[in-house]
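Trainee: The residues making up each chain are set out below.
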Amino acid sequence: MTGTKSSSGNFLEDFSVGQVLDHATPRTVTAGDVALYTALYGSRFALQSSEIFAQACGLHQAPLDDWLVFHIVFGKTVPDISLNAVANLGYAEGRFGVPVYAGDTLRAVSEVIGIKENSNGKTGVVYVRARGLNQNSQEVLSYVRWVMVRKHDAASVITGHLPPDLESHVSADSIHANAVPNFSNFDVTLSGEPHRWGDYAVGEQIDHMDGMTVEEAEHQLATRLYQNTARVHFNQFAEAQGRFGKRLIYGGHVISLARALSFNGLANAVKVVALNGGRHVAPLFAGDTVFAWSEVLDKAEIAGRDDAGLLRLRMIATKDLPCTTFPLPDEADGVILDLDMWAAVPR
Amino acid sequence: MTGTKSSSGNFLEDFSVGQVLDHATPRTVTAGDVALYTALYGSRFALQSSEIFAQACGLHQAPLDDWLVFHIVFGKTVPDISLNAVANLGYAEGRFGVPVYAGDTLRAVSEVIGIKENSNGKTGVVYVRARGLNQNSQEVLSYVRWVMVRKHDAASVITGHLPPDLESHVSADSIHANAVPNFSNFDVTLSGEPHRWGDYAVGEQIDHMDGMTVEEAEHQLATRLYQNTARVHFNQFAEAQGRFGKRLIYGGHVISLARALSFNGLANAVKVVALNGGRHVAPLFAGDTVFAWSEVLDKAEIAGRDDAGLLRLRMIATKDLPCTTFPLPDEADGVILDLDMWAAVPR
Amino acid sequence: MTGTKSSSGNFLEDFSVGQVLDHATPRTVTAGDVALYTALYGSRFALQSSEIFAQACGLHQAPLDDWLVFHIVFGKTVPDISLNAVANLGYAEGRFGVPVYAGDTLRAVSEVIGIKENSNGKTGVVYVRARGLNQNSQEVLSYVRWVMVRKHDAASVITGHLPPDLESHVSADSIHANAVPNFSNFDVTLSGEPHRWGDYAVGEQIDHMDGMTVEEAEHQLATRLYQNTARVHFNQFAEAQGRFGKRLIYGGHVISLARALSFNGLANAVKVVALNGGRHVAPLFAGDTVFAWSEVLDKAEIAGRDDAGLLRLRMIATKDLPCTTFPLPDEADGVILDLDMWAAVPR
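Residue numbers (the numbering used here), protein chains in the order written: chain B, 1 to 347; chain W, 1 to 347; chain R, 1 to 347.
Hints listed in this document are in silico derivations from the structure and should not be mistaken for laboratory results. The structure presented is a predicted model; accordingly, all values stated were derived computationally and were not measured. Hints may be right or wrong, so weigh each one.
Put simply, identical chains are the same to the list, so a pair is met inside one copy or across any two.
[Claimed, not checked] Only pairs whose alpha carbons sit at most 20 Å apart, straight line, appear in this in silico DMTMM-like list of lysine to aspartate or glutamate:
id: 1; residue 1: 246; residue 2: 51
id: 2; residue 1: 299; residue 2: 193
id: 3; residue 1: 246; residue 2: 320
id: 4; residue 1: 122; residue 2: 204
id: 5; residue 1: 122; residue 2: 139
id: 6; residue 1: 116; residue 2: 307
id: 7; residue 1: 246; residue 2: 13
id: 8; residue 1: 122; residue 2: 173
id: 9; residue 1: 246; residue 2: 111
id: 10; residue 1: 246; residue 2: 215
id: 11; residue 1: 151; residue 2: 13
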C-alpha cells in the first residue's frame, strides 16, 4: 500500500494571490549556528563576533549576522515556495528589523503578492513577501522575492496578476531605527579599519582582493544549516542528469562569501539594514573561487543620529575572476552576484 | 626507548561474558553539537528545532535529536568494543530514556552479554548491552549490539556463550513513558505536515523522495563529532590497501541521513522511542547519494495517553537508487540500511 | 573612482622594532566553537569534553582546548603580521595562562621584537611576541613567533635588529600556576588511560597509531573558524599558479590533528601549559593522511603540588607515513611537524 504522505512541493497551480503560508519548523538559533557561520565564511565583523563590542553598541549580546538571519528565514520558505523553482529571479524591499540573538526562535510567514504565467505555458513567476518573526512576533526581516516555478500541467489555466509596483530601492528614511545600533563608542582599532562614514564617497569602488574556493561539503553544510531543502543543492545522482551536470550552490552562500570578503575595505559597515535588490547573475559550482568588489551607490544620514550613517552598497561577486578591474555583469563573464543593500557605518 | 602506552584496541580474546566496560570521555553536549547535527543532515523536526515548540510539548528545552544521542553513546563504546571490528552486525532492544538537553553530560557503560567464535577461527561475535547515562545517572538510551571482532591469535581458545534470547522487537507497552512528550498542544502547521497517528495505516509505504550526496568531509566531521574513532572511517592511507580501497562511512551517518529525509512524509513522527533492530545491508562511500523510504509495520496506543500514539516504522535507505518502487534488501541492489523503530506521533 | 580602503597587508617595510599592534576583531568564544573543534579533530581529552570532569578538577566549566585558544589568538595576528608571509619559521616562549571558557571574549596584541633583512634583499624575518587576553585583560597565552615576510620594494633600506636571546625552552618552574588544574580527583577510568606522571619515563617514545586524512573543506572550515585570513589556505584560483599548485593547509591544523591523535598514549596529558618551540617541517595538502608520535623529553615536578606533574613532550607529525619506527625530521621524508611542549599530567 502506497501512501501519499510525502510532498513534491507546490507548482504554479498551487499558488493564488493573497494566499498566506505559515512556514514549518520554527528554529531556535544558537551560538552553535554562529560558530558554524564563522567557519563557513570566516566573517570578521566585530559587532557579530564580540559580545563586548556589541554591548558597547547598546545591544544585549552580539547579534547574529544579518545574512545568517536572511538564510534561515529564506530556508523556511523553500519547501512551500521554491522546491520546484527553476530560478530565483530577484529581491526587493528587504528590511532587517529587530536584532536576532542566540536563543531567539525564528519562524517565517509568506504572502503571495503576484503571479504571472510565462508565455511558454510551462512556467510562471510567483512573487511573495516573506517575513521572519521572533518569539515575540517582532519582525526580524521582510523582503519580496520572485521566483520562476514550474507548472504541474501545461494545460492548466493560471489566474493571477503582477504585484503592486515594487520600490526601486528601500528609501533611507524608511530604515528601521532599531536596526541601527549605537555607534557612539565604536572602536575602530578593534573593528579592523579606520574608515568612517565620512571617509566613503559616492562612486567609490573597493576591491575586496581575496578569493575563496568553495567545496561541495561546505555549501551543503551551509544550506542544511539553513534547513533549506531545495533539491538542486544536494542530489548529485539527479543533477548528473540535470542542466549543469552537477549540484548548484545556493545563491545565498555566494552572498555570505562576498559579504565576508568585503570586510577588507568595509570592516566598519558592520550592520546590513536593507536589501534593495539583487540578482544571481550566474550559477556557482564547487571548485570555483569567489571574489568580490563593492561600489558606494549612495550615502544617507539617519534622522536624529550623529553616531551612524548609511552607505548604499552595490556588492558584486565573481567566480574565477579577480576584481581588480571592477567587472560588471553585462560587461564581463564570471560575474555571479549583483546585490544592492544599505549598511550602517559609524560616523 | 619504546613505550606501550598506546592501545590497538580489544580483540576477541580480550572479552568475557559479564565483563563491564566503563567507557572513556564523558561528554557535555551543547547547542554547538545541535547546530552541527543540523548542518550535517538538515533535519527539520520541530520538536528538536524550536525551544518554544518543545516547551509546548512539556519539555524544558528542545531535546537533542535521538540519533545524535545514539551516535554519542555509540561512539564512546567504539575504542573498547569495535576498534578491531570487521562488521557491525545488528541491534536489538534499543530504548530511548529521558530526554537529553544541551548542557547534559553523557557517559556510556557496556556489559558483554555473549561471545561466540566463528568457525573460521579468525573472528568471533561479541554481544554487548550498552547504556548511555546522563549526569544524574538516568538512562538516556540502552541497546544491544553485536559485532564481528578479530581474534588476536587464531590459535587462542575462546570461551563464551550466546546471549539470552533477544526480543524480536521492543513491545509497545514497554516503551519508557518519559520518552514520549505531551502532544496535546502539538501544532501541525509549524511541524510541517497535517498527518496524525490516525492518518497512518499499517502497511502504508512512504517514499521520502529527496536524495542527499555524501562528501568525505561530511562523514568525517560527523563521526569525529561523535568521538567515534573507528579507523576505517578516517584513514585513506590505510584504506587504500583495504577491502574497498576507500574510507567506509559510519553506519550511523546513514541512519541520520535517512531519518532527516524521512521528514517528508513523517514530519510528525518527531520522537524516536525504540530501536527494534537494524542491519547495515551494504557500505556507503563518499560520492554516493542516499535515498530513503519507510513502511508502517505496526501501530500502538500508549496506555493512558490520548495525545500520542506509536508507529512502528521500517526505514530503508538506499544509495544511488531512488525509492519510488520501495526497494527491499533482498530484492534490489543499492539498499544499504534496514532499520526497525518505534516513533511517537500526535493523535 | 577607485578607493584605497582595502589592504593588501603589511610588508617588511611596515614593521619597526618596538611597534605594538592591537589586532582586530575581538571574539567571544562559545560552545559552538568547541563543538566544531571536536568535529574537526575528534579530540577526546576528558578535561575539555566534560563540564563535570572539569569541575572535579576545580575549574568553573570545561576549558577550551589549548590549541583552539592558540589558533584563535594566532588568527587575529595574521592580517597584521603574516598576510604576506612566505613561511612561518618558528615559535618560542609559549605560555598558556588562565583557562578560557565558553563566553570569554578574546583579543590579541603583538609587539615586534626583532627584524632582520635576508641577504637576498627580497624578504626578511619579523619576530613578534603575541599575547592573547580575555575580557578581564588576563593573559590566556603568550608566545614568540618569527615569520619570513616579503619586502614591498627590494630597494628599501630595512633597519632593525634581532630580538633578545629567546629561551631554548620554557623552564618548568616558570609555568603559570593557574594553568594547571587540580588533579587530586582525576578519574583515570573516565579519562581513558591508567598512565600517570610516574608511569612515563624520559626518552619514552609513543606511537599514536591512527591516521587521519584531511579534506579541503575541513581545513578551510577550521582556518575560517579561527578567523585566519592567510590567502594560501583558501584561494585555489591563485594557488594553482603558486609554489605548490594547490592550497596549503594552515600549520596549526596539523598541530591539532596530531594532538587529537596523541590521545592514544597520552590521554592523561590533558592540559598543555607551554609551547617550547616548533617547526613546520614540510607542508600538508588535502588528501594527505596525518600520523603522529611523541617522545618524553623531560619530566618536572610542580612546586607545592603532589596532584600533578609536567611532561615535556616532543610531538612529531607525518604525512602518509605511519610512525611505528618513530621517524625524525632529518632522517625521514614525510615529517611535517616537530613540536616541543609541556603538558600537565595527574600524579
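Trainee: If a hint holds in the structure, say so; if it does not, say that too.
Mentor: Structure-based check of each hint:
| no. | hint | result |
| --- | --- | --- |
| 1 | 246 - 51 | neither (40 Å within a copy, 37 Å between copies) |
| 2 | 299 - 193 | within (19 Å within a copy, 46 Å between copies) |
| 3 | 246 - 320 | both (18 Å within a copy, 15 Å between copies) |
| 4 | 122 - 204 | neither (43 Å within a copy, 33 Å between copies) |
| 5 | 122 - 139 | neither (35 Å within a copy, 56 Å between copies) |
| 6 | 116 - 307 | neither (45 Å within a copy, 43 Å between copies) |
| 7 | 246 - 13 | neither (28 Å within a copy, 47 Å between copies) |
| 8 | 122 - 173 | neither (41 Å within a copy, 52 Å between copies) |
| 9 | 246 - 111 | neither (32 Å within a copy, 47 Å between copies) |
| 10 | 246 - 215 | both (13 Å within a copy, 14 Å between copies) |
| 11 | 151 - 13 | within (6 Å within a copy, 63 Å between copies) |
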